[in-house]
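Using the sequences and the hints given, assemble the complete structure.
Number of protein chains: 2
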Amino acid sequence: MSILQIGAGGVGWVVAHKAAQNNDVLGDITIASRHLGKCEKIIESIRSKNNLKDSTKKLEAKVIDADNVEALVALINDIKPDLVINAGPPWVNVTIMEACYQAKVSYLDTSVAVDLCSEGQQVPEAYDPQWAFREKYEAAGITGILGAGFDPGVVSVFAAYAAKHLFDEIESIDVMDINAGDHGKKFATNFDPETNLLEIQGDSFYWEDDKWQQVPCHTRMMEFDFPRCGNFKVYSMAHDEVRSLKEFIPAKRIEFWMGFGERYLNYFNCMRDIGLLSPEPVTLQDGTEVHPLQVLKALLPEPTSLAPGYKGLTCIGTWVQGKKNGEDRSVFIYNNADHQEAYRDVEHQAIAYTTGVPAITAALQYFRGEWANKGVFNMEQLNPEPFLDTMPSLGLNWEVLELAPCKPQIHILEK
Amino acid sequence: MSILQIGAGGVGWVVAHKAAQNNDVLGDITIASRHLGKCEKIIESIRSKNNLKDSTKKLEAKVIDADNVEALVALINDIKPDLVINAGPPWVNVTIMEACYQAKVSYLDTSVAVDLCSEGQQVPEAYDPQWAFREKYEAAGITGILGAGFDPGVVSVFAAYAAKHLFDEIESIDVMDINAGDHGKKFATNFDPETNLLEIQGDSFYWEDDKWQQVPCHTRMMEFDFPRCGNFKVYSMAHDEVRSLKEFIPAKRIEFWMGFGERYLNYFNCMRDIGLLSPEPVTLQDGTEVHPLQVLKALLPEPTSLAPGYKGLTCIGTWVQGKKNGEDRSVFIYNNADHQEAYRDVEHQAIAYTTGVPAITAALQYFRGEWANKGVFNMEQLNPEPFLDTMPSLGLNWEVLELAPCKPQIHILEK
Numbered sequence: 001m002s003i004l005q006i007g008a009g010g011v012g013w014v015v016a017h018k019a020a021q022n023n024d025v026l027g028d029i030t031i032a033s034r035h036l037g038k039c040e041k042i043i044e045s046i047r048s049k050n051n052l053k054d055s056t057k058k059l060e061a062k063v064i065d066a067d068n069v070e071a072l073v074a075l076i077n078d079i080k081p082d083l084v085i086n087a088g089p090p091w092v093n094v095t096i097m098e099a100c101y102q103a104k105v106s107y108l109d110t111s112v113a114v115d116l117c118s119e120g121q122q123v124p125e126a127y128d129p130q131w132a133f134r135e136k137y138e139a140a141g142i143t144g145i146l147g148a149g150f151d152p153g154v155v156s157v158f159a160a161y162a163a164k165h166l167f168d169e170i171e172s173i174d175v176m177d178i179n180a181g182d183h184g185k186k187f188a189t190n191f192d193p194e195t196n197l198l199e200i201q202g203d204s205f206y207w208e209d210d211k212w213q214q215v216p217c218h219t220r221m222m223e224f225d226f227p228r229c230g231n232f233k234v235y236s237m238a239h240d241e242v243r244s245l246k247e248f249i250p251a252k253r254i255e256f257w258m259g260f261g262e263r264y265l266n267y268f269n270c271m272r273d274i275g276l277l278s279p280e281p282v283t284l285q286d287g288t289e290v291h292p293l294q295v296l297k298a299l300l301p302e303p304t305s306l307a308p309g310y311k312g313l314t315c316i317g318t319w320v321q322g323k324k325n326g327e328d329r330s331v332f333i334y335n336n337a338d339h340q341e342a343y344r345d346v347e348h349q350a351i352a353y354t355t356g357v358p359a360i361t362a363a364l365q366y367f368r369g370e371w372a373n374k375g376v377f378n379m380e381q382l383n384p385e386p387f388l389d390t391m392p393s394l395g396l397n398w399e400v401l402e403l404a405p406c407k408p409q410i411h412i413l414e415k
Numbered sequence: 001m002s003i004l005q006i007g008a009g010g011v012g013w014v015v016a017h018k019a020a021q022n023n024d025v026l027g028d029i030t031i032a033s034r035h036l037g038k039c040e041k042i043i044e045s046i047r048s049k050n051n052l053k054d055s056t057k058k059l060e061a062k063v064i065d066a067d068n069v070e071a072l073v074a075l076i077n078d079i080k081p082d083l084v085i086n087a088g089p090p091w092v093n094v095t096i097m098e099a100c101y102q103a104k105v106s107y108l109d110t111s112v113a114v115d116l117c118s119e120g121q122q123v124p125e126a127y128d129p130q131w132a133f134r135e136k137y138e139a140a141g142i143t144g145i146l147g148a149g150f151d152p153g154v155v156s157v158f159a160a161y162a163a164k165h166l167f168d169e170i171e172s173i174d175v176m177d178i179n180a181g182d183h184g185k186k187f188a189t190n191f192d193p194e195t196n197l198l199e200i201q202g203d204s205f206y207w208e209d210d211k212w213q214q215v216p217c218h219t220r221m222m223e224f225d226f227p228r229c230g231n232f233k234v235y236s237m238a239h240d241e242v243r244s245l246k247e248f249i250p251a252k253r254i255e256f257w258m259g260f261g262e263r264y265l266n267y268f269n270c271m272r273d274i275g276l277l278s279p280e281p282v283t284l285q286d287g288t289e290v291h292p293l294q295v296l297k298a299l300l301p302e303p304t305s306l307a308p309g310y311k312g313l314t315c316i317g318t319w320v321q322g323k324k325n326g327e328d329r330s331v332f333i334y335n336n337a338d339h340q341e342a343y344r345d346v347e348h349q350a351i352a353y354t355t356g357v358p359a360i361t362a363a364l365q366y367f368r369g370e371w372a373n374k375g376v377f378n379m380e381q382l383n384p385e386p387f388l389d390t391m392p393s394l395g396l397n398w399e400v401l402e403l404a405p406c407k408p409q410i411h412i413l414e415k
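Protein sequence lines, in the order shown, are assigned to chains A and B.
Sequential numbering of the first sequence, starting at 1, is according to the UniProt record's numbering.
Sequential numbering of the second sequence, starting at 1, is according to the UniProt record's numbering.
Keep in mind that the hints were calculated from the coordinates and are not lab data.
Everything numeric in this text was worked out from a predicted model, so none of it was measured.
Hints are not guaranteed to be accurate.
[To be verified] Here's a subset of chain A near chain B, in silico, CB distances under 8 Å, partners left out: (1) Leu276; (2) Leu299; (3) Leu413.
[As the list claims (entries may be wrong)] Counterexamples of contact, computed for chain B against chain A with all Cβ distances above 12 Å: (4) Ile43; (5) Phe260; (6) Asn266.
Ideal Cβ positions, reconstructed from N, Cα and C, are used throughout, including at glycine.
See below:
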């Protein structure tokens with residue numbers, strides 16, 4: 001058995017550690033990225049933490065340009081993995097899926113590109129390029145598992161679990177995501193600043209009354225009491241799982257909400273106002289053309305550098321409201337992840353941890369034959385039990401909290 | 001008669017308009033800068049506003065690199081002006097002074113470099129490179145007038161006037177500067193963002209108890225009621241005139257204060273926190289090295305573009321406290337400038353207007369023989385009356401306000 005992991009950023013870091021801790025099932029591990037040094041640093045961390053469960057299995061680094069299908073096919077044919085995991089950014093999903101198709105190897109990723117910069121990648125069309133592989137994968141006898149992070153990913157499994165066991169009829173699905181941790185820096189982003197700061201500027205898309213609703217960012221807000229974290233303001237945002245949940249779990253309204261602290265929003269608004277978050281390049285006095293976001297990226301702390309000092313909890317979950325046995329029901333299915341515990345386990349923070357752990361939890365289902373049907377699948381299409389049974393043993397618990405049914409108090413704010 | 005003006009930014013714009021309005025005295029005008037187009041745009045504005053008083057006199061544009069003494073001497077020898085005015089940035093003061101010395105032509109400027117980036121240019125040493133020309137200028141039979149803007153400049157003349165007529169003994173001189181105007185932009189600087197944003201990050205220097213006191217920026221604050229503008233918080237800052245006033249007007253404490261709105265300070269703190277105000281270059285992912293402040297400069301509105309929509313007043317003045325005839329006295333000598341009136345007069349805003357008008361008011365004193373002694377002089381060394389008599393006719397009034405003598409309530413803030 002063996003896997004090929006592509007990507008050696010924050011998520012790749014955790015995916016590799018978790019794969020190593022489960023290499024009795026997953027077998028040999030190859031980590032490939034544009035920068036060999038980044039792969040080697042991860043391998044060094046895995047070895048220093050003694051996270052390679054079966055030390056007779058291989059753990060090695062390779063260089064790959066994930067934009068290049070031919071190079072990907074050659075690498076896959078060289079390694080002959082049982083599963084290719086894209087632990088890197090979503091804009092290489094399609095090239096890697098194509099390479100897997102050509103090499104006849106199964107595929108797994110953790111997110112889809114939903115942002116301002118990718119044309120045709122707004123929420124309603126987000127999965128189209130990947131769903132186009134459904135028949136091809138089925139015919140080739142391989143499996144594609146899409147969006148196997150936490151959100152998207154686990155939150156969709158929570159929704160599938162709720163639909164299967166807790167509800168007869170679903171009114172609303174609200175995916176809720178806050179980070180109540182503190183990295184001790186004045187301002188920093190938890191993953192690539194370019195991705196992060198573009199993502200939160202985009203219009204929000206949500207599904208309501210049988211159609212897509214599009215509103216400017218930060219104009220729909222509600223407050224929610226997060227277990228162990230307290231009350232937070234959360235804002236409606238475009239996010240991957242809204243698209244796939246709409247496809248597979250019928251509900252009147254499906255929406256994603258993210259919490260931002262006052263301080264974060266102040267920095268964000270200030271940077272936006274001065275034009276620093278624009279995807280358009282500017283020309284300096286000496287004629288050099290630069291992208292403001294790339295300058296910001298160079299100025300801000302490297303996200304992976306935040307991990308050692310990160311403290312506190314995240315809370316991500318799926319708030320489902322509807323009816324069971326004729327009665328109103330409201331349930332919040334969630335996880336709390338602890339930044340310091342994540343660091344002790346894999347030398348990284350909880351944001352990357354909550355994305356990387358589910359990817360390997362899903363990979364284990366594939367290897368065990370639980371999630372190995374032929375074709376392309378989003379997480380909510382697959383049987384939730386084996387996944388939810390496995391996840392705690394990899395480091396992420398989950399809880400079901402019964403709430404008083406209510407009409408969510410959504411505040412409409414001015415842009 | 002003729003003048004050579006170097007610099008075609010905001011201050012240069014106003015200086016050229018005011019020179020044109022007074023070309024019956026000043027004669028032919030040459031505007032020289034690194035960019036011919038900027039000079040030509042000013043000339044176009046002067047002609048469209050009919051601001052050339054004597055249309056038989058020449059008004060022309062030249063290209064010059066003001067860092068190059070040889071090129072400057074050649075230009076001066078070509079034009080043979082009676083006075084060279086540096087209306088550009090202060091970091092070319094010394095090369096232009098040297099060129100004037102070699103060509104034996106009088107010199108005038110509007111400020112001295114006091115910032116974090118110019119080594120040996122902190123307040124105590126600010127004028128040393130220019131004061132080094134005193135004997136040379138005297139021997140050459142030429143005049144050098146330093147810091148002939150509003151602050152430095154008019155505020156120093158106010159102090160000289162106070163010392164001559166209003167006080168027997170001076171306790172404190174506080175130069176107070178606020179802009180209560182609104183440019184309608186979320187964030188913008190009134191002059192070159194690089195200069196502006198470096199200046200306000202530097203330590204403050206003030207003179208007290210016979211020695212220089214140095215404190216971090218924004219750590220000394222007081223409130224002051226500005227005529228026609230109301231109560232403002234002002235912060236102690238390093239500024240040119242503190243150095244020269246200390247030399248020529250004895251007082252126990254001499255300090256400069258600038259007002260910043262809450263909104264401005266929020267943007268400023270945010271930009272500083274993310275590293276955007278650092279003078280150090282950063283390396284982008286593609287290897288390009290850029291200076292964050294130059295990126296910011298490219299993003300922010302061009303300061304000259306703010307003028308048409310600018311509304312409201314500035315208030316700059318000199319608050320002097322001390323004794324007259326054995327009694328405590330407190331006097332605020334000040335000007336209110338109106339952004340819209342400035343625009344109607346010269347198509348620019350009041351910040352540039354208050355710097356450019358005094359430069360030409362001083363130039364007129366030189367041409368009239370009132371301020372034409374041989375050597376190098378700061379404004380407070382020269383006879384205040386003819387200057388103060390002329391200034392209102394060029395567009396800037398001044399008032400003397402008697403206040404109740406008090407001990408200034410200076411708040412010490414944490415960095």
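Against the structure, the hints come out as follows:
Given hint, A/Leu276 at the interface with chain B, holds; its Cβ is 6 Å from that chain's nearest Cβ, closer than 8 Å. Interface hint at A/Leu299: satisfied, since its Cβ lies 4 Å from the closest Cβ of chain B, which is below the 8 Å cut-off. Hint status for A/Leu413: violated, given a least beta-carbon distance of 18 Å to chain B, over 8 Å. No Cβ of chain A approaches the Cβ of B/Ile43 within 12 Å, the least distance being about 23 Å, so the stated non-interface status holds.
For B/Phe260, the non-interface assignment is confirmed: its Cβ lies about 15 Å from the closest Cβ of chain A, beyond the 12 Å cut-off. Not every CB of chain A lies more than 12 Å from the CB of B/Asn266, the least distance being 7 Å, so the non-interface label is violated.
Going down the numbered hints, you'll see the structure goes against 3, 6, while the others check out.
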